[in-house]
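**Student:** Let the sequences and hints guide you as you build the complete structure.
Sequence order for the protein chains is A and B. Following our numbering from start to finish, the first sequence increments by one per residue and tops out at 292. Following our numbering from start to finish, the second sequence increments by one per residue and tops out at 408.
I should point out that these hints are in silico values taken from the structure, not numbers from a laboratory. Just so you know, these numbers come straight off a predicted model, no measurement behind them. Every residue, glycine too, gets a C-beta built ideally from N, C-alpha and C. Where hints are given, some of them may not hold.
Selected chain A positions facing chain B (in silico; Cβ < 10 Å) [said to hold, decoys possible]:
no., residue
1, E148
2, S151
3, M152
4, E156
5, V158
6, D159
7, L161
8, R162
9, A163
10, L164
11, G165
12, V166
13, Y167
14, P168
In the SDA-like style, the derived pairs of lysine to any residue whose C-alpha atoms are separated by at most 25 Å in a straight line are [claimed, not checked]:
no., chain 1, residue 1, chain 2, residue 2
15, B, K183, A, G165
16, B, K293, A, D159
17, B, K293, A, E75
18, B, K345, B, Y236
19, B, K183, B, T217
20, B, K269, A, M63
21, B, K239, A, D159
22, A, K261, B, G173
23, A, K220, A, Y290
24, B, K269, A, L161
25, B, K283, B, F347
26, B, K183, B, L211
27, B, K239, A, V166
28, B, K269, A, M77
29, B, K269, A, V166
30, B, K293, A, V166
31, B, K269, A, P175
32, B, K277, A, D71
33, B, K239, B, E163
34, A, K261, B, G246
35, A, K261, B, D251
36, B, K269, A, Y66
37, B, K277, A, Y171
38, B, K239, A, G165
39, B, K375, B, M363
40, B, K269, A, G165
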Amino acid sequence: MVRVGKVFNFAGVVGGMVTHSCRTAGGVFLLLADTIRTMFRYRVRWDQLLEQMYFIGIRSQVVVLTTGAFTGAVFAAQVWFQFKRFGMESAIGPTVSIAMCRELGPVLCSLLLAGRVGAAMAAELSSMKITEQVDALRALGVYPTEYLIVPRFLALVLSAPVLTGMALVTGIGVGYFVAVQIFGVDGAYYWDNTIKYTDRKDVLIALIKAVIFGVIIAAIACHKGMNCPPGTAGVGKTTTEAVVNASLAVLITNFFLTVLLNAVLYSN
Amino acid sequence: MLELINIRKRLGGQEVLRGVNLKVGQGEKVVVIGRSGCGKSVMLKHIMGLLSPDDGTVIFEGTRLTGLGEEAWNPYRRKIGMLFQGAALFDSLSVFENLAFPLREEGEKNEDVLRGKVAEALKIVSLGGTEEKMPAELSGGMKKRAALARAIIRRPDLMLYDEPTTGLDPIVADSINRLILHLGKMFGMASIVVTHDMTSARMVGDRISYLHEGKIYFEGTPEQVDRCEDPLVRDFVRGHAQGIDVTG
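**Tutor:** Written out as structure tokens, the structure reads:
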């Protein structure tokens, strides 16, 4: 009897978690739909959009470029250690370049954006929510999605591919420096093979992924911020959940995107 | 001007409003009193369309507002001003930007006109010269007054005050009460003041409604409320904690 009770309890807990996850996912999709509808229905607030693009795009550059540079450097070094055993040093360039474009660039850049920008968005919106500033906006006849969400959403979706592009260029460039200047790989071979085997489609995959990850991070962070429970503890909880959920969603979506984009772009 | 008919609202599994009926006439000042958590602020949020009732109707200037979508509410919200309990100034904007915000939303772009209107509104609430300050640099009373200036800058027909004197010292609280009276006289606007501060209620109210267990339990002039012998009203008005075990 006790065992049956425990099984029911466990089923109840799992059921509760599934229901909560479904409700949250539904809320995120509804917010996304409302954001896209609002984007076409209202004029864009350029001042807000530029302010957000400055915060997201310009202020994230140092972090993103550093990450891109050291990822390219470490990857080039690791590949050199493995490939030199088989005399394949000339393949280091395309390996670094393709890995940076297809996976490392967009995924690492998005994880950094989830941590830096997603956290800031969730914290700012939830603070506004608990101090009644969101209600005050509504009371002044302003639709919060239009004023708060759309500029943040657009700024992140536009900035993410640009930042990813910068991370790719830096990563590939620093990879070249490490392989050629430090490990003595022939620069002409390295560069020639990099260009020869890196397809335009590889860069396209990076940019498509960056845009989709930008959408995911913005939607999750804004949803969390706008649904913050009351109290200052709620702000901390919301911020943590926004970063964790956005990071997990990026990693899980990345797998499906990899399969889908390869199937679509390399079907011939 | 405003009528609430049988408003019911359930929040977090608890029925907060259980059929609130309230009428406010043109230029009338109604004070809603009641114990903490009895649903006073929830009631105000229904008038502003920040919450939708589970049942019941809100009628403002002859128009039924219940059931309107978020965007359809906006023209009516522009005729109603609200002073929030925590002031709710936008903390990333200066006092000037906060006050200019509703005017800019109405399409006013002329910077000189904006400066003039903001200065006038700040003068009314005795905050002249604070335009460039940020909300974080203001005291609690100054924040309330700045928020009040923002709420009245569009000359609303109805003002809602959510606990306007809570957390303020008696002198500042008195200045806010005088301001509420002054604004009513100056612009002829009706007002609903939600409070549990009886000094404030007696001072600003033409009529006082006592909200208890989600319903208007008693209504009358300040004198009638003071003379009321109903134990619930009497205990609240006199601040007696009878029936509440404080000894543990």
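**Student:** Does each hint hold? Answer for all of them.
**Tutor:** Checked hints:
no. : hint                : verdict
1   : E148                : 8 Å, holds
2   : S151                : 8 Å, holds
3   : M152                : 8 Å, holds
4   : E156                : 4 Å, holds
5   : V158                : 9 Å, holds
6   : D159                : 5 Å, holds
7   : L161                : 8 Å, holds
8   : R162                : 6 Å, holds
9   : A163                : 5 Å, holds
10  : L164                : 5 Å, holds
11  : G165                : 4 Å, holds
12  : V166                : 6 Å, holds
13  : Y167                : 6 Å, holds
14  : P168                : 9 Å, holds
15  : K183(B) <-> G165(A) : 24 Å, holds
16  : K293(B) <-> D159(A) : 23 Å, holds
17  : K293(B) <-> E75(A)  : 20 Å, holds
18  : K345(B) <-> Y236(B) : 22 Å, holds
19  : K183(B) <-> T217(B) : 12 Å, holds
20  : K269(B) <-> M63(A)  : 23 Å, holds
21  : K239(B) <-> D159(A) : 16 Å, holds
22  : K261(A) <-> G173(B) : 23 Å, holds
23  : K220(A) <-> Y290(A) : 17 Å, holds
24  : K269(B) <-> L161(A) : 19 Å, holds
25  : K283(B) <-> F347(B) : 15 Å, holds
26  : K183(B) <-> L211(B) : 19 Å, holds
27  : K239(B) <-> V166(A) : 13 Å, holds
28  : K269(B) <-> M77(A)  : 24 Å, holds
29  : K269(B) <-> V166(A) : 17 Å, holds
30  : K293(B) <-> V166(A) : 24 Å, holds
31  : K269(B) <-> P175(A) : 21 Å, holds
32  : K277(B) <-> D71(A)  : 22 Å, holds
33  : K239(B) <-> E163(B) : 15 Å, holds
34  : K261(A) <-> G246(B) : 22 Å, holds
35  : K261(A) <-> D251(B) : 22 Å, holds
36  : K269(B) <-> Y66(A)  : 18 Å, holds
37  : K277(B) <-> Y171(A) : 23 Å, holds
38  : K239(B) <-> G165(A) : 10 Å, holds
39  : K375(B) <-> M363(B) : 23 Å, holds
40  : K269(B) <-> G165(A) : 17 Å, holds
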